[in-house]
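Using the hints provided, position chains B and C with the ligands relative to the given structure of chain A.
Chains as they are written, first to last, in our numbering: chain A, 1 to 597; chain B, 1 to 129; chain C, 1 to 160.
Each hint should be verified, as a subset may be incorrect.
Partner residues are not named here, just some residues of chain C that face chain A (Cβ under 8 Å, in silico) [said to hold, decoys possible]:
1) Gly26
2) Phe70
3) Ala72
4) Val126
5) Ile150
Source of the hints: derived by calculation from the structure; they are not laboratory data. Ideal Cβ positions, reconstructed from N, Cα and C, are used throughout, including at glycine.
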Amino acid sequence: MSTYRMHLLVCGGTGCQASDSRQLADNLQAQVLMAGMGKEVQVVTTGCFGFCEKGPIVKVLPDNIFYVEVKPADAEEIVSEHVLKGRPVNRLLYVEPGMKERIAEHREMPFYKKQLRIALRNCGFIDPEDINEYISVDGYQALGKVLTEMTPDALLVLMKKSGLRGRGGGGFPTGLKWEAAARNKSDKKYIICNADEGDPGAFMDRSILEGDPHSVLEAMAIAGYATGADCGYIYIRAEYPLAIHRLVIAIGQARQAGLLGENILGTGFSFDIEIKYGAGAFVCGEETALIHSIEGERGEPTNKPPFPAESGLWEKPTCVNNVETFANVPPIILNGPEWFSSIGSEKSKGTKVFALAGKVNNVGLVEVPMGIKLREIIFDIGGGIKDGKKFKSVQTGGPSGGCIPAEHLDTPIDYENLTRIGSMMGSGGMIVLDEDDCMVNVAKFYLEFTCDESCGKCTPCRVGNKRLHEILTRITEGKGTMKDLDNLKELGGIIKDTALCGLGQTSPNPVLSTMKYFWDEYVAHVVDKRCPAGVCTALLSYYVLPDNCIGCTACRRVCPVSCISGEVKKVHEIDQTKCIKCGACQKACKFGAIVRK
Amino acid sequence: MGIKSLDELKSLRDKLKTDINIRASGEIDSNIRVVVGMATCGIAAGARPVFTAMVDEARMLELGNVTFVQSGCMGACHSEPTVEVRFPGLEPILYGNVTAEAGREIVRRHVRNGELVQNLIIGRPFETV
Amino acid sequence: MCKNALTEEKFRELDAYVASLPERKGALIAVLHKAQEIFGYLPEEVQLHVARLLDLPAANVYGVVSFYSFFAEEPRGDHVINVCMGTACFVRGAEIILKELEADLGIKAGQTTPDGLFSIDALRCVGACGLAPVVMVDGKVYGRVKPGEISSIIKEFMEV
Ligand SMILES: Cc1cc2nc3c(=O)[nH]c(=O)nc-3n(C[C@H](O)[C@H](O)[C@H](O)COP(=O)(O)O)c2cc1C
Ligand code: SF4
Ligand code: SF4
Ligand code: FES
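Extracted from the complex, chain A is given alone in its bound form (with noise of 0.2 Å):
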């Protein structure tokens, strides 16, 4: 049926197109043409494959070979050697810096080694609304091999031997945590599935949720055999109304094949899942406010000790995990802990799942061995920074994290190494800044932030963080003092050493390691009233230089809030008591009359 048997893919991203990529297309047409070979080989224009920087890149199929940096004058051979005699053209094949071996196929390339999947596994391959897709991939083996094969004791080994640490932030080795919920004697445990997913601009658990919600499921019954509970509780935010619905229909089908519920697989093993709704609050992915919240109460956390393991849930033994976490746990066990240990870092086994957004030019997620380089997530996976702008810094860590300057680009990421140059893991969202961004405006975004979310509970978090805003919102407006950077850092580690829980104590982050990597633009604002990125807009305005201002009208049709008059032919002026500062304006006007001061 399939009239092709060969296809050639040319990439026609921008970086390629840069490199000729278009001439070339249009020379192995013309020489598939010229073989006569027309109807048997096709040539195909791509979009990016990310691999800018060795482009123009050809990939020929179904032999899955890959060149690298083609030339146009390259055509001519590769159709000759490689289309007409199957020969590939080994001078084209890519080199692996500081290895002679040429690599053939382009899935033994070590920039496509970069993202391994194991969370992500069965994202966008299954269809997550049928349970015999998830079956047919291995799903509930893992689950069968446990209550078959393993007592609760050599499950708990196993566990630890992995080095699994959890992916809601703290990075606690899982295995311990299970062993404490199961060393607990009690009539009642519990297990919850942490789906509250409240760091903004983060969205990797509720992928997999909405892509491989039976791995959650699966993980879960196997965590609790571990720990001699029955009963598992899913907490996920009602704003995910997708990954929800796929939830439902996934414990829905699973108890109906048996493998939620009384007795599964006839082992004797009981467990079954509910769903229990967020409400919109960012602390209640904390695991004790987490806790009241499915009690029904208001979601404040509470001092620990004692810990969950010991009194969660109605006072039961209980065992918080993470969605990702979870989701990583049927291929260990399949696997063996060897296998996932042999992947990542010292400290930091497996893969870790970012959602890598803001001003970087392949927005997705990615999953990624611990111990890769932050420059290898940006500029590789990521295909560096939009707009051919300059990189500035990435956040990680959500509120609770900070800002990474270039000069750490090279760390390779683990929970240790992101500490220590004062960010965090956290849950895994990764903001990319650019030279646009203005990082007082950053640090102030992320207090806000804090300050909505602060339960109130405690006075530092409650009271410290609004100061804290105040001050950087003076700042912003041109209106601090160098004071006023003193006190930022004070009240910062005040907050940082007294408050009651994890938001509090690490709230001051984004401002502390802002201050610390770019404190000139601090001082820009306060001493020299300037905002160097152009983003504070009390401290910049919009003018038109009448000297230049053609009368056009551009500039007034594009203005989104109408505040600037003028007529054809005539001189145009901004309001600048309703100018919101958005910049249309000068973007529109073809003359450079329109300035920002």
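Showing chains B and C with the ligands alone in chain A's frame:
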């Protein structure tokens, strides 16, 4: 209809796997798999009309040998909606920024004729366990 | 507020839901979710009713309603415009979109227009960060919104 033992689960898996293998070797009709990314971001970017358009096109062309699957997030949020076409035994092809019209074109050209659609293919740069 | 037949029916729907619960322990938040789904918001009257149903002090119910941002104590407009203020949207210009929207409708985030047609809310991440900045109207997502596009989006909803 509950599964009563691990052995039963294993044989169900093997049966489902062979179903897929039969599909893969082309012995039964349904052998091409088209996967549309339908997570929140995909849907927000318009994946639903793409899915319906593709199913509709396949029906109009009376193509019986293709299964359409809605799936989760493939991670390529920058190029949503995404569509993956898998021919048995061949490297899967991933399309990005697919519109309803482009979806129809993929069915007409790629699924029906085995011809790749120009300008829409994107890379799929990761490994899966 | 006088209870007309319509609200009477709504109360009965809520009663039936509570009666169907296997257990009332810890059910408060679930009941409030249901109540908001039925009534659209949670006025004092509804909160008191829930307190009686679950045999809880009214202060408890109010404490929970005011704690969670998902619960609204004021009626919302016919169309709720959510501007995503998550980090990904923020760094791609969501602030400007919000300002423009506020200027357009003459209200601030959290408020409703006097004619009851529109409410503006600032939301944290709707999970479509790849399309940032994102605006959601009645659940429909608009991605990569540019300054100047907002008014045409609103117009779509004015005509209906
Ligand atoms: C303010 C705050 C918010 C949190 N939000 C989340 C969250 O959204 N999702 C999550 O899994 N863990 C969150 N955590 C971490 C949880 O308290 C807990 O450590 C985690 O769910 C444990 O699971 P893990 O060991 O699998 O990581 C948060 C912690 C704090 C202090
Ligand atoms: S640190 Fe903040 S969020 Fe945590 S208990 Fe104190 S007030 Fe509440
Ligand atoms: S900056 Fe924006 S709001 Fe101000 S005058 Fe220009 S277009 Fe109008
Ligand atoms: S930050 Fe706006 S959708 Fe995620």
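Cross-check of the supplied hints:
With 8 Å as the threshold, the beta carbon of Gly26(C) comes within range of chain A, its nearest partner Cβ sitting at about 4 Å, so the hint holds. Below 8 Å, beta-carbon pairs count as interface contacts, and Phe70(C) has one with chain A at about 4 Å; its hint therefore holds. Interface hint at Ala72(C): violated, since its Cβ lies 10 Å from the closest Cβ of chain A, which is beyond the 8 Å cut-off. With 8 Å as the threshold, the beta carbon of Val126(C) comes within range of chain A, its nearest partner Cβ sitting at about 7 Å, so the hint holds.
Annotation: interface hint on Ile150(C) holds; nearest CB of chain A at approximately 7 Å, less than 8 Å.
In terms of the numbered hints stated before, the structure departs from hint 3 and from no other.
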